[in-house]
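Student: Single-letter residue listing:
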Amino acid sequence: MAQKHRGPLAEFWKRFRKNRLAVIGLAIIILYVVVAVGADIFYTYDFITGNQIPNAFSGVGSTGKIDDGGVKKAHLYLMGADNFGRDVAGRIIHGARVSLIIGFVTVAFAVIVGGGLGAVAGYYGGKLETVIMRGADILLAIPNILFALAIVAALGPSFRNLLLAIGITSLPVYVRLVRASVMTVKDQEFVEAARAQGATDFRIILVHILPNCMAPVIVQATLGVAQSILSATSLSFLGLGIQPPSPEWGNMLSEARPYLISAPHTLIFPGLAIMTVILAYNLMGDGLRDALDPKLKR
Amino acid sequence: MANILSVRGLKKYFNTPRGLLHAVDGLSLDIEEGSTLGMVGESGCGKTTAGRAILRLTEPTGGSVIFDGEDVLAKNPKDMRAMREKMQIIFQDPYASLNPRMNVAKLIAEPLIIHKRFNKKIDLERRIRELMETVELADRLYNSYPHELDGGRRQRIGIARALALNPKFIVCDEPVSALDVSVQAQILNLMQDLQDKLKLTYLFVTHDMSVVRHISNEIVVMYLGQMVEKAPADALFERQLHPYTKALISAIPSPKPTTGTQAEILKGELTSPIEPKPGCRFAPRCLYAQSECSLADPELRELEPRRFVACRRAEELRLP
Amino acid sequence: MDNTQLSIRDLRVRYVTEDETVNAVNGISLDINEGQSLGLVGETGAGKTTTALSILKLLPKPTGRIESGTITFRGTDLASASEEVMRKIRGNEISMIFQDPMTSLNPIFTVGAQIAEVIGLHNKLSAEETLKRAGDMLELVGIPRARSNEFPHQFSGGMKQRVVIAIALACNPKLLLADEPTTALDVTIQAQVLAMIRDLKQRLNTSLLLISHDLGVVAQVCDTVAIMYAGEIVEYGALAEVYEKPLHPYTEGLFGSIPRLDLKRKRLNPIRGLMPNPADLPSGCAFHPRCPYAQDACAVTVPATTEAEGRKLRCLMYEGKIENRMRTSNG
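Residue numbers (the numbering used here), protein chains in the order written: chain A, 1175 to 1472; chain B, 4 to 323; chain C, 763 to 1093.
Any given hint might turn out to be false.
To be verified - With a straight-line Cα cutoff of 27 Å, these simulated BS3-like cross-link-like pairs (lysine-lysine) come out:
no.	chain 1	residue 1	chain 2	residue 2
1	B	Lys-202	C	Lys-1074
2	B	Lys-249	B	Lys-270
3	C	Lys-886	C	Lys-850
4	B	Lys-81	A	Lys-1301
5	B	Lys-119	B	Lys-200
6	B	Lys-259	C	Lys-1083
7	A	Lys-1188	B	Lys-81
Said to hold, decoys possible - Coverage of chain B stretches by chain A, computed from C-beta distances (three or more under 8 Å per stretch; other residues unrestricted):
no.	region
8	230-240
9	306-315
Please keep in mind that the hints were generated in silico from the structure rather than gathered at the bench. From a predicted model like this one, the values you see are computed outputs, not experimental measurements. Here a beta-carbon is modelled for each residue, glycine too, at the ideal position from N, C-alpha and C.
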């Protein structure tokens, strides 16, 4: 009998692959990550402060001259230039990096801290659980944007505070999710088996319970990245997040508002970027959910 | 041989919205080292809870458990973890009792890692393969996952895992009930061989009367949390002293349809284990019950050498 | 007079998925006469449940399909019948009960309502009449009529299974298919339920196809037995005779595997190896890798069904193609 050891990972990939849209989403995200990480390689000139005003509002695909450290070079504006003559494409790519960081950091924070709290609440129950869950309920009751507003108003608008605001508002979802999963898994026999072998509570939670709770967390985290990016975008649009001239899709949208009719490309491209990435994350998240659900049979 | 396990007055009660549920109510027994004590009964008799309470997988409400001379219930968590090396458990469900994210090697390694038995990875690996061989699991399955294997092989993983720390005592909680008949026989033979080879003591919990007779030296019959009869295996099947035991054994569907004995069909259903009233708990269904039976709990008495019964009418009835 | 109720001839059933094709039933034939009880015995994966589901065309769609063969019920071929015809038969002329009484009953309807539902589906009676009949059925299975208005969760496992039996027999079917009806029950409750099935089947003259892995349970209720292995019937005859002297090596192996109350043995005699994967069956005789009497021809030739000592067998030994080592080893 041929022994092909299909671990849980290989099984999952086989099922995920079948969902075309999800794979497309994944492809887009991979592209997005590659571009964001390699932002400096793609666009090396100083696009933040911009250049010659004559290039302002150059249309899509136009060419112009730029001053690259004293040397005049020809440059192709793939997506045109904005009101300051800055290359829109370049700003989008660097904005991608910012969004990427926001998405991952806030979700990582929420998963680790929220998940940890949820695991403790689910495993031990009692007063500890009550305290943690009511805390999560309070956070959930506050609308995200308002909470972020409050933090930013109190501490001032900065990248760090933005991360803090979005991270904290993302917590409750993971607390609840992990608590529910832990409560289901902790009663299963293999957990009892671990206890019978003399495992400590810490080991039981970390090694036995949590790895079996990962599925819903992964799905939520994927969708959560999208939500975080959207939150950051909204806040920046309102002027509470990343401040110009740092490129961020939200503040790019905000700056482009007055030029909607005269230079639509300055608005459309950041908008498209936001849409595409959010859509990709949602598609992938749905695909993940389907692939990870053990009950769904093709 | 000496008694390796002595249980006295073991109680486990659960709080339910409707009252206190007496899952195990005053169980006392001894098991000789190297022997197998079978524990039988139907749903709700408390046998599964008793097994877990003895191992302190669920905390007993009362009573005492002395294992290998040590007081199990008095141990602090750290010492209890050390005790676990000597007392292990094999579970019924070969699907649910194995962590689906771990492969065979990791599953068997787990107890060894928890108790830090090996420093070098290579020694650990050797021990795992040794255990796999002991339970007749093919070596090529080292990296397989439980979902790729059938029930019999999964159960062998469970057995290997239980043996990893060289325990003296193993609670076997319906280890073959979920397996096909031909695989059951393989596993039962394996367990008997292991007992002989490694001098293990088993508490074999099951609802299957034929299996329990085959594997046990002595048998305890449970009903609603209490022991109603205890006897050496063959003696129990030859002649039963308690009406419930008699009904239980006569209810076994025998493949030999010529053994004309009509099953003594019990009337009614189990009474509730919640806040049980005083008196014999079997009385409502007993064909021989009289009014005194419901007045006070029957005492467990040694009616014949090594034969214990909890029935006030046992001598009188002299059941055939 | 030919009083055959059900006649299956050379039935082949497969499950087809994207990954693989599972040959669940590979050419079985059987007959059930009026009032007869046939026990279908085998281990997990032998194809017993698939056979029963095929009779009522309840195979999971679209994976399960009847590839070939006929299932003749009182003159009609069920295998090729339309869904409309089947619906008139299900619950009415042929009923089925399943293993797990917990999930067989709908928790949001009273037991009386569930019995009444099946009566109403196949009969045109007034509401009053229907309810009265439902009450009658409850009494028939030993449950007081007054409990008609209770919900399934208010009954114990054994009583739930009785309700399931009441539903199955409500329209007085000619044939009852019972798939491991007592496996989930305690042994004393099982004894009650089996006694009841025996009694009812006699009173109502219902034919029975009882599926079980338990040789003892089948012996309590059936007069004929068919042993299934890897989708085939390997031995088929009168129960008393088969049990007294099994002729097929697999049947012999089954009896050797079970701990017996009437025999005292130190060790059990398990059949070595495992059930074959129905998606990847062995060549020749499906049992040959595990058979203690296997010879070279067994890996090559598929045995046909032959008759010996009054029963049907699938084994080359009884076709005279190979040496009968079983007889010689048993003296």
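Student: Now, for every hint given, state plainly whether the structure supports it.
Tutor: How the hints compare with the structure:
For the hint linking Lys-202(B) to Lys-1074(C), the alpha-carbon distance of about 47 Å lies beyond 27 Å, and the restraint is violated. At roughly 14 Å between alpha-carbon atoms, Lys-249(B) and Lys-270(B) fall within 27 Å of each other, so this suggested pair holds. The hinted pair formed by Lys-886(C) and Lys-850(C) meets the criterion: a straight-line CA distance of about 13 Å does not exceed 27 Å. Simply put, Lys-81(B) and Lys-1301(A) have alpha-carbon atoms about 24 Å apart, close enough for the 27 Å limit, and the pair holds.
Restraint check: the Cα-Cα separation between Lys-119(B) and Lys-200(B) comes to about 25 Å, which is no more than 27 Å; the hinted pair holds. Using a Cα cut-off of 27 Å, the hinted pair Lys-259(B) and Lys-1083(C) is violated, with the two alpha carbons roughly 32 Å apart. Annotation: proposed proximity of Lys-1188(A) to Lys-81(B) is violated, straight-line Cα distance about 44 Å (limit 27 Å). A count of 0 residues in the region 230-240 of chain B with a Cβ less than 8 Å from any Cβ of chain A is obtained; the coverage claim is therefore unmet, three being the minimum.
As drawn, the region 306-315 of chain B meets chain A at 0 residues by the rule of a beta-carbon pair under 8 Å; below three, the given contact is violated.
The structure does not agree with the numbered hints 1, 6, 7, 8 and 9 stated previously, though it agrees with the rest.
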